[in-house]
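Below, each chain spelled out in residue letters.
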Amino acid sequence: MVLAAIILLSLVFPGIIVKVKSKTSGRKGPSVWQPVYDLVKLFRKEAVYSKTTSWIFAWAPVMYFASVIMAALMLPLGKHGAVISFQGDFIFFIYLLGLGKFFMIVAALDTGSAFEGMGASREALYSMLVEPAFFILLASLALLSGTTSFETFFHSLTFNSSIAIFIGVLATYLIFHVALLENSRMPYDDPKTHLELTMIHEVMVLDYCGFDLALIQWAGHLKFVLYSLLVTNLFIAPSFPTWLTLLVFVTITLLFAVAVGFVESFRARHKLRNNNKAIVILIPIAILIFFGSMLIMNKLF
Amino acid sequence: MELLLIICLSVLFFAMSRKKLPVYNLILTFLFLAVSSFYAIKTLFLSQPYACLIPFHFWGNDILLTMDKLSAFFVLVINITTLVSSIYSIQYMSMYHTKSRQELVLHYFSFFTLYWSMIVLTMLQNTIAFLVVWEIMSLSSFLLVMFEAEKSLTQKAGINYFIQMHFAALFLLLGIIILHYFTDSWSWSALQQYFANYSNVGLFLVFFAGFGFKAGFVPFHTWLPHAHPAAPSHVSALMSGVMIKLGIYGILRIVFALQNDLMLIGLLVLFVSLISGITGVGVAIVQHNLKRLLAYHSIENIGIIGIGIGVGIIGLAIQNQTLAMLGFAGGILHVLNHSLFKSLLFFSAGSVYHQTHTMNIDNMGGLIKRMPVTAFIFLIASLSICGLPPFNGFISEFLIYNGFVNGIIHADVIVKLVMLFALLGLAAIGGLAIFCFTKAFGIVFLGTERSSHMHHAHEMSWWSLAPQFISLALILLIGFVPSIVLNPVLRIVQQNVSTCSTVLLPNTDALQSISLAAGVFVLIVLAVWLIKKWAFTTKKVQSSVTWGCAYHGNAPRTQYTASSYAENYIHGMEHSLNVTTHFKPIATTEYFPEHRHYKTHQESTYEKHIFKPIAKIFERFFDKFAFIQSGQTQHYILYPFVLIIVLIILTLTNLI
Numbered sequence: 001m002v003l004a005a006i007i008l009l010s011l012v013f014p015g016i017i018v019k020v021k022s023k024t025s026g027r028k029g030p031s032v033w034q035p036v037y038d039l040v041k042l043f044r045k046e047a048v049y050s051k052t053t054s055w056i057f058a059w060a061p062v063m064y065f066a067s068v069i070m071a072a073l074m075l076p077l078g079k080h081g082a083v084i085s086f087q088g089d090f091i092f093f094i095y096l097l098g099l100g101k102f103f104m105i106v107a108a109l110d111t112g113s114a115f116e117g118m119g120a121s122r123e124a125l126y127s128m129l130v131e132p133a134f135f136i137l138l139a140s141l142a143l144l145s146g147t148t149s150f151e152t153f154f155h156s157l158t159f160n161s162s163i164a165i166f167i168g169v170l171a172t173y174l175i176f177h178v179a180l181l182e183n184s185r186m187p188y189d190d191p192k193t194h195l196e197l198t199m200i201h202e203v204m205v206l207d208y209c210g211f212d213l214a215l216i217q218w219a220g221h222l223k224f225v226l227y228s229l230l231v232t233n234l235f236i237a238p239s240f241p242t243w244l245t246l247l248v249f250v251t252i253t254l255l256f257a258v259a260v261g262f263v264e265s266f267r268a269r270h271k272l273r274n275n276n277k278a279i280v281i282l283i284p285i286a287i288l289i290f291f292g293s294m295l296i297m298n299k300l301f
Numbered sequence: 302m303e304l305l306l307i308i309c310l311s312v313l314f315f316a317m318s319r320k321k322l323p324v325y326n327l328i329l330t331f332l333f334l335a336v337s338s339f340y341a342i343k344t345l346f347l348s349q350p351y352a353c354l355i356p357f358h359f360w361g362n363d364i365l366l367t368m369d370k371l372s373a374f375f376v377l378v379i380n381i382t383t384l385v386s387s388i389y390s391i392q393y394m395s396m397y398h399t400k401s402r403q404e405l406v407l408h409y410f411s412f413f414t415l416y417w418s419m420i421v422l423t424m425l426q427n428t429i430a431f432l433v434v435w436e437i438m439s440l441s442s443f444l445l446v447m448f449e450a451e452k453s454l455t456q457k458a459g460i461n462y463f464i465q466m467h468f469a470a471l472f473l474l475l476g477i478i479i480l481h482y483f484t485d486s487w488s489w490s491a492l493q494q495y496f497a498n499y500s501n502v503g504l505f506l507v508f509f510a511g512f513g514f515k516a517g518f519v520p521f522h523t524w525l526p527h528a529h530p531a532a533p534s535h536v537s538a539l540m541s542g543v544m545i546k547l548g549i550y551g552i553l554r555i556v557f558a559l560q561n562d563l564m565l566i567g568l569l570v571l572f573v574s575l576i577s578g579i580t581g582v583g584v585a586i587v588q589h590n591l592k593r594l595l596a597y598h599s600i601e602n603i604g605i606i607g608i609g610i611g612v613g614i615i616g617l618a619i620q621n622q623t624l625a626m627l628g629f630a631g632g633i634l635h636v637l638n639h640s641l642f643k644s645l646l647f648f649s650a651g652s653v654y655h656q657t658h659t660m661n662i663d664n665m666g667g668l669i670k671r672m673p674v675t676a677f678i679f680l681i682a683s684l685s686i687c688g689l690p691p692f693n694g695f696i697s698e699f700l701i702y703n704g705f706v707n708g709i710i711h712a713d714v715i716v717k718l719v720m721l722f723a724l725l726g727l728a729a730i731g732g733l734a735i736f737c738f739t740k741a742f743g744i745v746f747l748g749t750e751r752s753s754h755m756h757h758a759h760e761m762s763w764w765s766l767a768p769q770f771i772s773l774a775l776i777l778l779i780g781f782v783p784s785i786v787l788n789p790v791l792r793i794v795q796q797n798v799s800t801c802s803t804v805l806l807p808n809t810d811a812l813q814s815i816s817l818a819a820g821v822f823v824l825i826v827l828a829v830w831l832i833k834k835w836a837f838t839t840k841k842v843q844s845s846v847t848w849g850c851a852y853h854g855n856a857p858r859t860q861y862t863a864s865s866y867a868e869n870y871i872h873g874m875e876h877s878l879n880v881t882t883h884f885k886p887i888a889t890t891e892y893f894p895e896h897r898h899y900k901t902h903q904e905s906t907y908e909k910h911i912f913k914p915i916a917k918i919f920e921r922f923f924d925k926f927a928f929i930q931s932g933q934t935q936h937y938i939l940y941p942f943v944l945i946i947v948l949i950i951l952t953l954t955n956l957i
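The listed protein sequences correspond, in order, to chains P and X. This note's numbering applies: residue 1 is where the first sequence begins, and numbers increase by one. This note's numbering applies: residue 302 is where the second sequence begins, and numbers increase by one.
Next up, chain P with everything else stripped away, as it sits in the complex:
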């Protein structure tokens, strides 16, 4: 059921971003369902493969999509546990997403195009820089809950002190930025600037079309919802009834989409050269969360 919710929300997510962006710039904008129509259209298209490419190119979108679906199976929602859950599953989660990314990067190099090599190099660098921050965030959650599994991470989170609220806000901020980065959105990358030298993700998938492109785009949308699911879990308790849990989840996801839309409308893209620094700043934020968690556990003093 959680999976169904994730898939459904992933379909409206990009539409909302586009709608918000249009409204803020004073346009009417396409329907919220337009990205869905696009996906359907892509799924039905024929395919063209470059003669340079090998089987890696054909398998990469499959691996990428499957890794995101598998990651979705590992996240809980309130009292609804994850399908697969074990001690230390967050390590599997992070490395699983890494596996999907590995295939996308080598697939970009498979085309032999200079553009795509450029995108691949950047994607590899940025995902490398963001990984430690995400790890520390999850380790802080482990510290707070005393366990090492997603399912139990969130059970002991109660926002009863000012530090806890502070941590919640920081964690949300961090996850938001990780999500923006992993999906190559605005301050880090501008998905709408085709043919500019500042692109990361879009330039990597330049040679994909039809079914494969649809898989890749959908996987990106799904990833957004995965991160919003993480944020949701910060703010709900397992005692919530199902309808309330779902309501919070949907609300947060929609807010998340709106936030992305606003950020994309009002924020300029980083200079590519400064991206590294901007990403590395996430690590001290994660460490701040860690210290906050230690304060809550009364371990610091």
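Simulated from the structure, these hints should not be mistaken for lab results. Fair warning: there could be bad hints in the mix.
[Unchecked claim] List of simulated lysine-lysine pairs, DSSO-like, C-alpha gap at most 30 Å:
| no. | chain 1 | residue 1 | chain 2 | residue 2 |
| --- | --- | --- | --- | --- |
| 1 | X | K834 | P | K51 |
| 2 | P | K271 | X | K900 |
| 3 | P | K28 | P | K277 |
| 4 | X | K840 | P | K271 |
| 5 | P | K41 | X | K833 |
| 6 | X | K840 | P | K192 |
| 7 | P | K41 | X | K840 |
| 8 | P | K277 | X | K900 |
| 9 | P | K51 | X | K885 |
| 10 | P | K277 | X | K840 |
| 11 | X | K900 | P | K45 |
| 12 | X | K833 | P | K51 |
| 13 | P | K45 | X | K834 |
| 14 | X | K900 | P | K192 |
[What the hints assert, rightly or not] Cβ-Cβ distance ranges computed for the label pairs, FRET-style:
| no. | chain 1 | residue 1 | chain 2 | residue 2 | range |
| --- | --- | --- | --- | --- | --- |
| 15 | X | F837 | P | R267 | 36 to 42 Å |
| 16 | X | A836 | P | V83 | 22 to 28 Å |
| 17 | P | V83 | X | A916 | 44 to 50 Å |
| 18 | P | I7 | X | V324 | 55 to 61 Å |
| 19 | P | L8 | X | A856 | 41 to 47 Å |
| 20 | P | L8 | X | P894 | 55 to 61 Å |
| 21 | X | L454 | P | I7 | 52 to 58 Å |
| 22 | X | F837 | P | Q34 | 22 to 28 Å |
| 23 | X | I832 | P | V83 | 17 to 23 Å |
| 24 | X | S844 | P | L8 | 33 to 39 Å |
| 25 | X | R897 | P | K192 | 33 to 39 Å |
| 26 | X | A916 | P | R267 | 53 to 59 Å |
| 27 | X | R897 | P | I7 | 48 to 54 Å |
[Stated by the list, open to error] These stretches of chain P come out as covered by chain X in the derived footprint (C-beta under 8 Å, 3 or more residues):
| no. | stretch |
| --- | --- |
| 28 | 93-102 |
| 29 | 120-128 |
Virtual Cβ for every residue (Gly too), placed ideally from N, Cα, C.
With chain P's structure known, arrange chain X on it following the hints.
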């Protein structure tokens, strides 16, 4: 006893003809392997230790070969890699048809000597015998590195290796003498006694330096990036896959005997290992020589193993058995894992070299079409060296990560912070490894051919591919069913760390779930693939050229190279990496730009700032004695004459 007999048979190498050499090597290796594996498996799984007395006497001590669980594990690791590389060597050595028979005989003799010396090392109790066999190991591997001695680079690498290994032996000798001085024993078991009575840090540091040279911990790692590219590939695989692990074996033996100062030693090992890991992978990224890149990754993986051991020692220090268990188990398991995927990577690199006669990544490309099986093997090995699930590298890193989190949850503030930064380090290592191997795999095998070297490449014969599938199968087996190897590893730790004897790993259930998760993931992949297949049944699939934004995008010369791939990274790290760029910028008045080259070159910081100055000091010191070597024969005759006179005088006056 049987082992000794087989070693004696190796003399027959000198009587073999060219053609019979590799076959004889295989037969001997197989015999030795069968016997040692038999005992190792018995020891590891049935807990029947093997012991054999060698009829040598050393100052009143009999020399004993004993096998406990730790040595049995290392014996098995050595056996797997040696078997694979001796089969692989048959086709690979056919490349060297210009070599004389004597050179080949020496090569195979050293190969087998290296093999048996490694096996015997893991079983020796006597310290002096250990040192002797250690030297045999170093010397035989030196001969293996020097196989192409006519190349000046190989000579340099070989001599460098030779000298550094003797520094290592010097430290070991020092340690052994200290041990003997205080305990009056020539046995490793005296370590317990020594450590119980004296401070542990000093002697540990001496041994750590000695074994660290062999293992390749920073800053003792500078021989690795020179020796591995120089040696033939099956030798690199053996040296990087297992020989450097003998250093780890030694360190583990010392660590298991430690009694006090545990916290300090643990922090030290953890710190050195983190530095090794980050330096290794960080420098690997900017390499253009494929084998040198892999050599730097050995340093990284030794770092990961060391991180595991460090976490284990810290666990012992704070008496957290779970932490100790997770750390040691992760470190020991990574020994096996690294030997599997690293030897595979070296074999693939060797196959590429065999076919293209170049090791420069920037000249490669498009090999996946000419060598599909090698490319597949390299891909799987890359995925597992990056620690990605569902392959074996993930399992050991998973254990170590779990150790960190366990420390973060249960330990006190200082250890919590240490674990946090170690976690940060390991995560960074993981990310950098992905960066490096997407580059290595992508530039070598994918895209289009960047130079004419690639034109004649074709797949290696099944003789060299088939053995690699043994390692491949083990990689997948450990990745999907980790509990098979985990249980023996746990028993090793339990045998050697008395406080852990009753503790079971809390994550054994988790490892079963990993099997499940890996299975589910494969099913999802297959399902998506089938849907894609089904969707394509009714559609037309065309093939065309790469889309270069309205141009043809796949002109080989415009492709991304290893230099350009790493450019972003180098830009952020230029101070720590010591990279020199050879490029003349285009002047503003240069309307018709001349032909230009862009080249990056990296020099090891440690070599430049630590080893070269030390070598300079020695050089200056010994220069003062250069006058002795005058080149005149008369002088050289005079020296022993003077010596004899001096000795006579000293004897007559009863001074000696």
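Hints, one by one, checked against the model:
1. X:K834 - P:K51: 19 Å, holds
2. P:K271 - X:K900: 26 Å, holds
3. P:K28 - P:K277: Violated, because 36 Å separates the two Cα atoms, which is more than 30 Å.
4. X:K840 - P:K271: 42 Å, violated
5. P:K41 - X:K833: The given pair, whose Cα atoms are some 15 Å apart, holds under the 30 Å limit.
6. X:K840 - P:K192: Judged against 30 Å, a Cα distance of about 29 Å means the pair holds.
7. P:K41 - X:K840: 13 Å, holds
8. P:K277 - X:K900: Judged against 30 Å, a Cα distance of about 26 Å means the pair holds.
9. P:K51 - X:K885: Outside the cut-off at roughly 36 Å; violated.
10. P:K277 - X:K840: Judged against 30 Å, a Cα distance of about 46 Å means the pair is violated.
11. X:K900 - P:K45: Distance ~43 Å between K900 (chain X) and K45 (chain P) Cα, so the pair is violated.
12. X:K833 - P:K51: 20 Å, holds
13. P:K45 - X:K834: 14 Å, holds
14. X:K900 - P:K192: The given pair, whose Cα atoms are some 34 Å apart, is violated under the 30 Å limit.
15. X:F837 - P:R267: 36 to 42 Å: 40 Å, holds
16. X:A836 - P:V83: 22 to 28 Å: Given a distance of about 25 Å, which is inside 22 to 28 Å, the answer is holds.
17. P:V83 - X:A916: 44 to 50 Å: Given about 60 Å between the Cβ atoms, the range is violated.
18. P:I7 - X:V324: 55 to 61 Å: The hinted range 55 to 61 Å holds for I7 (chain P) and V324 (chain X), with Cβ atoms some 59 Å apart.
19. P:L8 - X:A856: 41 to 47 Å: For A856 (chain X) against L8 (chain P), whose Cβ atoms are near 44 Å apart, the range 41 to 47 Å holds.
20. P:L8 - X:P894: 55 to 61 Å: Cβ of L8 (chain P) to Cβ of P894 (chain X): about 56 Å, so the range 55 to 61 Å holds.
21. X:L454 - P:I7: 52 to 58 Å: Given about 57 Å between the Cβ atoms, the range holds.
22. X:F837 - P:Q34: 22 to 28 Å: Holds, since F837 (chain X) and Q34 (chain P) (Cβ atoms, about 25 Å apart) stay within the stated range.
23. X:I832 - P:V83: 17 to 23 Å: Hint holds: Cβ distance 20 Å, inside 17 to 23 Å.
24. X:S844 - P:L8: 33 to 39 Å: Cβ of S844 (chain X) to Cβ of L8 (chain P): about 36 Å, so the range 33 to 39 Å holds.
25. X:R897 - P:K192: 33 to 39 Å: Given range 33 to 39 Å: holds, Cβ gap about 35 Å.
26. X:A916 - P:R267: 53 to 59 Å: 54 Å, holds
27. X:R897 - P:I7: 48 to 54 Å: Given a distance of about 52 Å, which is inside 48 to 54 Å, the answer is holds.
28. 93-102: Since 6 is at least three, the answer is holds.
29. 120-128: holds (count 7)
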